[in-house]
Each structure stands twice: as structure tokens, then as C-alpha cells.
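Colleague: Here the protein sequences come in this chain order: A and B. The opening position of the first sequence corresponds to residue 1 in UniProt numbering, with each subsequent residue numbered one higher. The opening position of the second sequence corresponds to residue 1 in UniProt numbering, with each subsequent residue numbered one higher.
In case anyone wonders, no lab produced these hints; they're calculated from the structure. As the structure is a computational prediction, the values presented were derived from the model and not from experiment. Some hints could be false.
[What the hints assert, rightly or not] As a list, the in silico DMTMM-like pairs of lysine to aspartate or glutamate whose alpha-carbon atoms are at most 20 angstroms apart: (1) Lys59(B) with Glu187(A); (2) Lys95(A) with Glu116(B); (3) Lys99(B) with Asp64(A); (4) Lys95(A) with Glu123(B); (5) Lys120(B) with Asp96(A); (6) Lys110(B) with Glu122(B); (7) Lys72(A) with Glu90(A); (8) Lys232(A) with Glu271(A); (9) Lys110(B) with Asp96(A); (10) Lys2(A) with Glu116(B); (11) Lys29(B) with Glu113(B); (12) Lys240(A) with Glu187(A); (13) Lys2(A) with Glu113(B); (14) Lys20(B) with Glu34(B); (15) Lys73(B) with Glu123(B); (16) Lys95(A) with Glu122(B); (17) Lys95(A) with Glu113(B); (18) Lys59(B) with Glu71(B); (19) Lys94(B) with Asp63(A); (20) Lys124(B) with Asp96(A); (21) Lys94(B) with Asp96(A); (22) Lys94(B) with Asp64(A); (23) Lys95(A) with Glu91(B); (24) Lys59(B) with Asp216(A); (25) Lys99(B) with Asp63(A); (26) Lys220(A) with Glu189(A); (27) Lys95(A) with Glu95(B); (28) Lys94(B) with Glu22(A); (29) Lys95(A) with Glu112(B); (30) Lys2(A) with Glu112(B).
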Amino acid sequence: MKILVEVGRQNKMESVILQVAELAANTWANVTFLGLCPSPEAVNDTAENLDASRSIFLSGISDDVSLYAAHKAPYKLIKLENGTWDQQYEGSARKDLRFRIRYGNPGKAVVTEAGHANADIVVKGSRSHQHEPDETLKKVVSQAPCSVLIIREETKPQMIVCCLDQDTVSQSSMELINQLVSLYRAELEIVGITGAAGLSSEVDRRMASILSYYTDRNIKAWVRLVDAASLKTFVTQTEKDQLLALWMGRESLLDKIFSRQRIAGLAANAESSILILR
Amino acid sequence: MEDNQPTRVLILDDESIVCKRLQPFLEKKGYHVEAFYQSPHALRRFMKSPFHIVVTDLKMNGMDGMQFLTEVKKTSPETEVIVITGFASMETAKESFHKGVFDFLAKPFKPEEIYEVIQKAEEKIRGNIKQ
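The following block holds chain B by itself, in its conformation from the complex (with noise of 0.2 angstroms):
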């Protein structure tokens, strides 16, 4: 991640609601958001261009978050990923931190909760590089 150029973000929910509030809300921090409401899309568009950070649903119909997160890591290792669930249980949870999610977030969350977790992400994305 060169220091100039601003962090990408991909953000992937089926409800719309989700993309509409938070893409805004990011962007005024200073990040290049793309939003998507089916995976095979997100999917699509992360394979041509890889992502910084990725903020994925976990209930989708078809590719679910957990899927997805699969495929992220495989293409792009050191992609984060945020997951965010609003149906969130133990098994999913950790499920997704074995496999290598960076965090877990439950709905509701507020904007700036989420922000908190881009800005450690994109610290620890900044440490792998200067190692």
C-alpha cells in the first residue's frame, strides 16, 4: 500500500441499505469504496483488481460471506477482511477467524465502529509492508 494513493475498499451486502450508508461514509474518510450487492460481481471485479480491505455480508443468496472470504484470501493473502452478520452466532464467528478474517462485527454497528476497524486493518496492512 504506497502511502499517497488512497486505501480501496470493497464493500459487499445484499441489503442495499448497508452499501448505501456506509459507502458515503467512507469516502468522506478519504478511501475508494466499491460497493456490490451479489458476490459473483464483488468476486468478479476483486479478480481483476485486488482490494486492501474487503467488508463482506455473511448471509447471501448464492456465494456467501464466508465463501467469499475463502476466495479473497486465496487470491490476495494479504487482503483484511471485515465480516459483518446480521444473524451472528458462535459457530459463524469463528468459523470466519479460522479462516483468517482480520474482524467480526455484529449488526447494528455504527459507521465510526466500523471506521475504528478500517483504520486498525489498514494499520496492520501498513506493518506487513515496511516488515
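The following block holds chain A by itself, in its conformation from the complex (with noise of 0.2 angstroms):
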């Protein structure tokens, strides 16, 4: 698995680096992050973030292993093409772990990166309550080319509510979720989605095959309708312990009630943390 991490600007969200190392330590991911930074004479202010959020990543693995590379020594700015800097530490290990730094908009270096990367996903933390929805999210749930995770903040789900309204359900969106169930150690809520003539009996079937794909894997998971015209409401009120997982196809129900846009202020004012799959 590869895990793109974006580290924000103002602050490292120690808790948000911390879930992503037990998520890495769990899986044996490549991990690189990303330092966003707003100018090129700020390039050394992003790498001094970058070097902190590495201490906090790497006191989250324990290394018995030698999954990551964990030298203190100094790291070295390696200038590329395009506004690009690779930050460089020295030592090899299992695992990559790799800190890149982008100049630029930031949500098209988050875009970038994550294809350059072939990630599987893309982390990023958020406060809760932000006034506005923040450019970066917006164009990253909307243009990222793979699952994105918005963690929020000092939270850790207990439950994840997986909302389905469509068949057409990709085996890594699946894969993802079993990771993060074991991460978690969560519960499951699969949520199907009903219209005007009830739930499709494709999604019926969908739902009964994941339900027992978990059941028979001994997690703790069950089903749950819900109408589409209360779906918004339900949504917006899933709880902080929760994680709400969104399956958005082109044939999504989801997806024409919550364009990617919205789901970028949906972000920003829910308390749960949220997952784009795709």
C-alpha cells in the first residue's frame, strides 16, 4: 500500500501523523509526505515541518524491523524540476518513506503528488468547524486520483458507516476499509441507500455479499437503510467517533446529492472524520 500525506502549512496535526504510523506499521506502506510551501524562499521553513513531522511519525513505529529508516542525521534538500525539492535522509530500510516538497497551488501539488506517488490514498487532517472550506480539500476530493482520508483532528472512530447506493464497488475501496476496521478495531455500518422504489435489488445483493464478507472474517458489522431524502441529514449528522465512508461512482446517488465540491464543506464542518473512495 502507498500512503501520501499532506503536512499542512501552519501546524504538523501530531495526532493525525500518529494514526498515520499505526496505520504504516500495520501494513508495511510506503509513505511519502508532502510539504506544501507557499513560496520558494519558504522552502526551508516546509523542511524544517517535514523534518518535525518525520520525529513524529517515527516515534509512532516501533522498529524492530527496520521498517523505515530512522537516522537522526541531517537531511539533505535535493532541488528538482517544476518547483519540486525531495528531502533526503540518509539510510535505507524496508519500507520507503520519502518527503517531498511542492511549490504552488496546493491542492494541484496534492493532486500531482498522489499520482506521481500511485498512491492508494491520501491523508490529510482537518480541524473541525472551519469557517470555510479550505482550496486544498476542495480540489483534492475532487481531482485526486485515488481514496482520500480526511482525519479529523483528535478523534479515533469507533465506527465506520460505509454508504452504498450502487453496485459497482472497486476491490481496493473494499480492501481500504478492511484496513482501516483493523486499524481502528471498528465496527461496521454498511448504509444502504433507498429511492422512491425501495433499495435496487443489485444493491441488495451487493450489500449481503460485503456484509457477510466481514461477518465471515469475524467483524462486527451490520446493515442499515436509509432514504435518500433523509440522506443529507444522516450524513451531516454522523457522529465524531465515527468515520463516514462514501462510495462516489459515476452511477452514485451520492455523488449527484454530494458533488465533490460539497463534500469539501461537508468536510469541514462535520465532527466525524471522512473517507472518499473511490
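Join the two chains into one complex using the hints; note that each chain is given alone, in its own frame.
Modeller: Written out as C-alpha cells, the structure is:
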């Protein structure tokens, strides 16, 4: 698995980085930290911020299998083209831990790096009740080529609420949920969205297969039906200790009700962490 | 491993979609691949004729991936084993490491990612033989 972590300009969001560390230690993931640089002159400050993030990340990894190179040696900044720098540390280990700095439009930088790193998931920290959905979040949610996990700072989900209204669910999105169930030791609620004609038989079958997939593996999971008319209220009322996972395919009603732009607004205001599945 | 013979890869995963996705991908890369959904069948085949590389899921009914890894290493210590798992945990990663796993990959992964790992395993096997 390949994880891309966006490190904000202003703060390091320690609890978010520690959750990423736990996920990485579980999954032996290749991890790239991306520092967003407001101007070329600020590259050294961004590098220091990334360096501090690295320390937090490594403090969350018990390294008896030499998973990531953990030397304390100073880093080197290597300037690449197009406003990009590699922040390199000495040493090699079983898995990649990379640090990259990009200057320019932050949202575009995250989307570009997600493609470059061939990431399976982009992780972004976010505080609840921001006045405005941040522009980076809008861009990442709408354009990232992979799933996006928006972790609400200082929350650890106890339940993952997966909303499903179509039968085309990618294998990788199913697998991502498995890993998050393991990470958080969470229970799983699979929410089927019903239209005026009730639940479609395809979605019904898909939900049943997903449910048996999890129960066969001793995961506590159950299904629930929510009427499409009350979906928006249901989603916005998701609680702090839950992770809201949305399968947003082209056929999806969710995609119609919550355009990706609006998801950014939802993410800014919701109490829960949010996972956009691709 | 002889240079002119294709590397033999055994895939074991009770999720048929994984085998169906990986087998043709790896065959196109030139590997001889055999895929199994049940560990007893895979183990019987392995005992009959060991493979260079084994890719096994961890969580399966009956003999799980960790037991399969143990049996493979006991029968053929030079075989490199890559564990793939949908429900990864630090404990299982460490346990497989101590049992001699070559690498541990959590799902989801792209076929290119496992191909990179298989190439590294091949390099190690060829290096061992030359030594």
C-alpha cells in the first residue's frame, strides 16, 4: 500500500501523523510526506516542518524490523524541476519513507504528487468547524486519482459508516475499509440508500455480499437502510467517533447529492472523519 | 534458478478476484504462475514441486497464510514468500517477519507494486545461487 500524507503549512497535526504511523506499521506501507511550500523562499521552513513531522511519525513506529530508515542525521534538500524538492535522509530500510516539497497551488500539488507516488490513499488532517472549506481540500477531494481520508484531529473512530447506493464497488475500496477496520478496531455499519422504489436488487445483493465478507472474517458488521430523502441529514449528523465512508462512483446518488465540491464543505463542518472511496 | 527457465510463482488467496487479477498480469511479465484458492491444494502442489516464489494471503479458512509460510520454508528454505493481507496488523507483520517472509504487502496494492517485490525476490534468489 502507498500512502501520501499532506503536511499543512501551519501545523503538524501530531495526532493525525500518529494515526498514519499506526496504519503504516500495520500495513508496511510505502509512505510519502508532502510539504506544501507557499513560496520558494520558504522551502527551508517547510523542510523543518517536514523534519518535525518525520520525528513524530518515527516515534509512532516500533522499529524492531527496521521498517523505515530512522537515522537522526541531517537531511539534504535536492532541488528538482517545477518547484519540487526532495528531502533526503541517509540510510535504507525495508520500506520507503519519502519527503517531498512542492511549491505552487496546494491542491494541485497534492493531486500531482498523488499521481506521481501512485498512491492508494491521500491522508489529510482537518480541524472541525472551519469557517470555510479549505481550497486544498476541495481540489483534493474532487481531483485526487485515489481514495482520500480526511482525519479529524484528535478523533479515533470506533465505527465506520459505509454508505452504498450502487453495486459497482471497487476491490481496492473494499480492501481499504478492511485496513481501517483493523486499524481502529472499529465496527462496521453498511448503509444502503433507498430511493422511491426501495432498495434496488443489485444494491441489496451487493450489501449482502459485503456483509457476509466481513462477518466471515469475524468483523462486527450490520446493515441499515436510509431513505435518499433524509440522506443529507444522516450524513451531516455523523458523530465524532465515527468515520463516514462514501463510495462516490459515476452511477452514485451520493455523487449527485454531494458533489465533490460540497463534500469539501461537509468535511469542513462535520464532526467525523471522512473517507472518499475511489 | 536457471537463467533460461521462467521463475515459478505460486499464488494462494481464497479471494478469487486476487488470483484472477494477479495471475494474468504476472504471466504477461513472463512468470510461470499457478493460482490456488485453498491452502491444502496449494501445499500438495508445492510439496510435489517447490516454487521459487510464493505469494500467499494471510487470513484463510483452514490452514492460514502463516502456517503455509512455515510449511513452505520448512520444505524449501530458499523459496521466497510474500505475504499479502486484507486485515493487516503490527503483530501479524512482525510474526511473518520472524518466520522469514521476504515482504509483507497490505491490500490494496497495484499489480505493479507486487511485481516490484517479486523482481527483488528474484534478485535475492539469483544472488543466493551465485554465492
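Colleague: Determine for every hint whether it applies to the structure shown.
Modeller: Evaluation of the provided hints:
no. : hint                     : verdict
1   : Lys59(B) with Glu187(A)  : holds (19 angstroms)
2   : Lys95(A) with Glu116(B)  : holds (12 angstroms)
3   : Lys99(B) with Asp64(A)   : holds (14 angstroms)
4   : Lys95(A) with Glu123(B)  : holds (17 angstroms)
5   : Lys120(B) with Asp96(A)  : holds (14 angstroms)
6   : Lys110(B) with Glu122(B) : holds (19 angstroms)
7   : Lys72(A) with Glu90(A)   : holds (9 angstroms)
8   : Lys232(A) with Glu271(A) : holds (14 angstroms)
9   : Lys110(B) with Asp96(A)  : holds (16 angstroms)
10  : Lys2(A) with Glu116(B)   : holds (13 angstroms)
11  : Lys29(B) with Glu113(B)  : holds (13 angstroms)
12  : Lys240(A) with Glu187(A) : holds (14 angstroms)
13  : Lys2(A) with Glu113(B)   : holds (9 angstroms)
14  : Lys20(B) with Glu34(B)   : holds (11 angstroms)
15  : Lys73(B) with Glu123(B)  : holds (18 angstroms)
16  : Lys95(A) with Glu122(B)  : holds (18 angstroms)
17  : Lys95(A) with Glu113(B)  : holds (12 angstroms)
18  : Lys59(B) with Glu71(B)   : holds (16 angstroms)
19  : Lys94(B) with Asp63(A)   : holds (10 angstroms)
20  : Lys124(B) with Asp96(A)  : holds (19 angstroms)
21  : Lys94(B) with Asp96(A)   : holds (17 angstroms)
22  : Lys94(B) with Asp64(A)   : holds (9 angstroms)
23  : Lys95(A) with Glu91(B)   : holds (17 angstroms)
24  : Lys59(B) with Asp216(A)  : holds (11 angstroms)
25  : Lys99(B) with Asp63(A)   : holds (17 angstroms)
26  : Lys220(A) with Glu189(A) : holds (9 angstroms)
27  : Lys95(A) with Glu95(B)   : holds (17 angstroms)
28  : Lys94(B) with Glu22(A)   : holds (14 angstroms)
29  : Lys95(A) with Glu112(B)  : holds (16 angstroms)
30  : Lys2(A) with Glu112(B)   : holds (12 angstroms)
Comparing the model with each earlier hint shows no violations; every hint is respected.
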